[in-house]
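Listed below are the residues making up each chain.
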Amino acid sequence: MKKYDAIVVGAGHNGLTNAAFLVKAGLDVLVLEKNEYIGGATVSRELHEGWMYSNCSYVCSLFRPEIYQALHLGEHGLEVVPLQGSTTFKQDGDYFGSYHQPAVRRREIARHSKRDADASIRFDADIMKWCRLVRGFLLRTPPDPASLKIRDAMEFAYLLKSFYHLTESQIYEFIRFFTMSIAEYLEEYFESDAILAHFSGGSIIGTGLGVYSPGTAYVLLHHAMGDVDGNIGSWGFARGGMGAVSKAIASSFQSMGGEIRTQAEVQQILVKGRQATGVVLATGEEVNAGVVVSNLDAKRTFLNIMERKDLPDELYQRASNFKIRGSSGKLNIALDGLPRFPALPIGSPLTLGHMHFTDTLERLERAYDDWKDDCWSSDPYVDTLIPTQYDPTMSPAGKHMMSVFVQYCPAEVEGGWTDAKRDAFGETVIDQIASYSPNFKDLILHAEVRTPREIEAEVGLTEGNIFQGELTLDQLMFNRPFPGYAQYRGPVKNMYMCGSSTHPGGGVMGAPGANAAREILLDLGRENTTPEDFGDD
Amino acid sequence: MAKHDFKQVLEPTPFHARVDEQSLVKNWTSWNGYQTARVYDTLASEYFAIRSSCSVMDLTPMEKYRITGPDAFKFLSHLVVRDISKLQVGRVTYVLWCNDEGKVLDDGTIFQLAENDYRLCSQHHQLDWLLLSSLGMDVNISKETHEVAALAIQGPTSCSVLTEAGFRGLAQLKPFRVLQTNLHGFEVMISRTGYTGDLGYELWTSPENALELWDAIFAVQNLYNIRPVGLDALEIVRIEAGFIMPGDDFNTAETTVRADHDRSPFELGMDWVVNFNKPYFTGKRALIAEQALPIRRRLVKMSVKGNKPPADSFLYDGKSGKRIGTIKSQVWSPILKANLAMADVEYRNGVAPSEVWAEIYYQKELEWRATWAECRIIDKPFWSHPRRSATPPGQF
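Quick mapping for you: the protein sequence lines, in order, are chains D and E. Heads up, the first sequence is in our numbering, so the first residue is 1 and it goes up one at a time. Heads up, the second sequence is in our numbering, so the first residue is 1001 and it goes up one at a time.
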């Protein structure tokens, strides 16, 4: 029977990235995917004829350019087009537009508050300080602070050295930043309600926390630290939808001799003599491998596809307690034309960017209150985008596709989710958008509504948590997913993790996949094929 | 509610109709978000208008803040590192201000317009810092950049031109003094200030009078050579005069991301502005501590030998020696026939390097070449003229 050098469980973007770097080092690698399509949450799906939906992840910014370059993703068909600007519509008929043109953006901020226009200079510089610091760790394995190994000590020294470059007051500020709520953090800069609401949205996306919950300031950074061609904080659309990202990685992987099997659900990771030896598929078929890598989230990996007896008690407990709360929903909508937003002047470029309809911190916090009560938000925070204004491949000409990310939607509602409740959730979101766009409902040709129930069932993300585990300080860096397991190695020999449950966490980044590959290749004594951080200075 | 025009990327100043009409090359840039001419016609004609006759520059984009109220003086005195106790109504003073770490945020001028009524002009946006600094003080701070139209009239014949244009009493106006006057029935404030190191004035009026003011000055063009000048000509004369430019010659503290990339007044060679006798100013504690240590680096004025432009050059302590600094800005001075530069240079044990060499890359017909040029650190302004401070200043 054939024995692979490595099996990667799950063809999400991190699983594929991991597999690509392993095959690049000369290993014989098989990727197993339960669905009939690859990509995990990085997919484009035609669910209405002629329309392509990025039906999970929907924009690209965090994906590491080092990985893009190393895997030649451009040659394999990937193209990330920067998207322009963002808007928050106000209840009084006005709006706040964060234009892509800096001079116009500044004047628009000043229209709401002259002070905020000047404060945004201080804000941008401060956020950039923390971005620079965190970005330097994305393509590095977190050090184990309790370890006495030389490599850990060196890595920990590297971490401390980065702090050494901060001034004393910057260190205080950094610690405050990591522990503060986004609302309190932003209130140290801005006074306009709409601007406060606008800038805080990124800190609750995918998170079971509210704008006044400590720890949310970091989540904002997680969304701000990406870049498109060096423009830090910018987001882009993958041409053809997010599936183009996984398709390009898969193509790169296969061009180097890698093998992918779809409709091949892994039921169990086989462990013999405290080391992983392969997997058993749902069909009962056994596949052997020298190394098994799980792209699944930490909870699924340890509680679903590993046997209890193969796990130390502590790890089993940590996995059971892992914070991976579902808090987001998604609507993907096929539109017969471009919706009108009468608040915007005719020809406004603001429809080209993110659109939000929550204009105060209080409404954001109330939306969170509903979630705590096991209800979807009656007045949700949405991140709405119409990528077909750029991308000709995702809908027929003149027609459009709208992606609506929704915060908050709980993994469990009272009495359990039903199709009717799912549709009612969808209606809540559509009604909100329609109250700012009178022709919106008439344009809807098809809508896919996804609550955490659908996301978990189809994609396999526990509770539908988009980050494979929350991005709170207790689950970041050397604590991600658990203390002592942050270096991608599992509890048994030859078993590894490469999903977003590991450092540096969620978002279509590719970094966990690459970092895990580096550790695997190190253990195998193979050449390191993963790229080094480009570095900032 | 007012919705601004998203198609208008750069904002027009109140003088825009004339600026646009006079601009032959349409070489625009953004100055604080305003559409500003870099050059109107040719750089040489504009430079020599400033140095040899009379130049007109639209100064409106310079940031202006109105500071009023019972604590206005106390606030300003806390804000800036300079002793401003001698400031009185009708006078202007140069200032710079720091954050609590003693790093420079910006520089500018304070005009005392009346009792408890001041105007602060700055290079960059400062409203956020001013409001943060005013906590607990009975002071009102508002931005009036767009509400005050400003023109700089600079050059040897500037006094003659303005007098001919109808302004009275200019000949007796001393440097850094203000004259409240009027023209054709509207109010104009004239200060004998400027950024050229030469005789010159700055005129301040309400935006609705802007075009009439412009026209009144250009109406005497038959008597004197008067030219509108852009930012490129200003860059040459301000370096000749030895004036620093925050944001170009050094990174301002508020925009600095990397530690150690901001600068203290001492590191900018602006020691003369810092007054430790003041009971308090923001950054005082940090600056006292810094002064006790040998200075580590300094922004210096440097003349660079030869005629190859030392743009973005690295500086060394000898030909092919140890790297000790970089050029921040540089121009060819037509009046001195020399390359002049502002440069950030490392000091060893608080002492300036005895030798500085620039490694210069320059291009001839698309071919790059490299050369070395010796540099000389200069303490005084590169160029100055007695008419700058003479009162009366004379006809030209």
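None of these hints come from the bench; they were simulated from the model. Treat each hint with caution, since some may be false.
[Stated by the list, open to error] Partner residues aside, some chain E positions facing chain D, computed with beta carbon under 10 Å:
1. L1010
2. G1033
3. Q1123
4. H1124
5. L1132
6. K1143
7. E1290
8. L1293
9. E1374
10. I1377
[Unchecked claim] FRET-style restraints, in silico, Cβ to Cβ:
11. D1005/E x E527/D: 54 to 60 Å
12. S1030/E x I175/D: 54 to 60 Å
13. P82/D x G1169/E: 40 to 46 Å
14. G1166/E x P345/D: 25 to 31 Å
15. K1278/E x S378/D: 54 to 60 Å
16. E1212/E x F534/D: 54 to 60 Å
17. D536/D x K1322/E: 51 to 57 Å
18. I1288/E x F163/D: 24 to 30 Å
19. F534/D x P1175/E: 48 to 54 Å
20. G347/D x S1030/E: 18 to 24 Å
21. I1288/E x P82/D: 43 to 49 Å
Glycine included, each C-beta is placed from N, C-alpha and C at the ideal position.
Here is what the structure says about each hint:
no., hint, in the structure
1, L1010, "6 Å, holds"
2, G1033, "5 Å, holds"
3, Q1123, "13 Å, violated"
4, H1124, "8 Å, holds"
5, L1132, "9 Å, holds"
6, K1143, "5 Å, holds"
7, E1290, "13 Å, violated"
8, L1293, "16 Å, violated"
9, E1374, "30 Å, violated"
10, I1377, "28 Å, violated"
11, D1005/E x E527/D: 54 to 60 Å, "57 Å, holds"
12, S1030/E x I175/D: 54 to 60 Å, "37 Å, violated"
13, P82/D x G1169/E: 40 to 46 Å, "57 Å, violated"
14, G1166/E x P345/D: 25 to 31 Å, "43 Å, violated"
15, K1278/E x S378/D: 54 to 60 Å, "58 Å, holds"
16, E1212/E x F534/D: 54 to 60 Å, "56 Å, holds"
17, D536/D x K1322/E: 51 to 57 Å, "25 Å, violated"
18, I1288/E x F163/D: 24 to 30 Å, "27 Å, holds"
19, F534/D x P1175/E: 48 to 54 Å, "52 Å, holds"
20, G347/D x S1030/E: 18 to 24 Å, "23 Å, holds"
21, I1288/E x P82/D: 43 to 49 Å, "47 Å, holds"
The structure fails to meet hints 3, 7, 8, 9, 10, 12, 13, 14, 17 from the earlier list, while all remaining hints are met.
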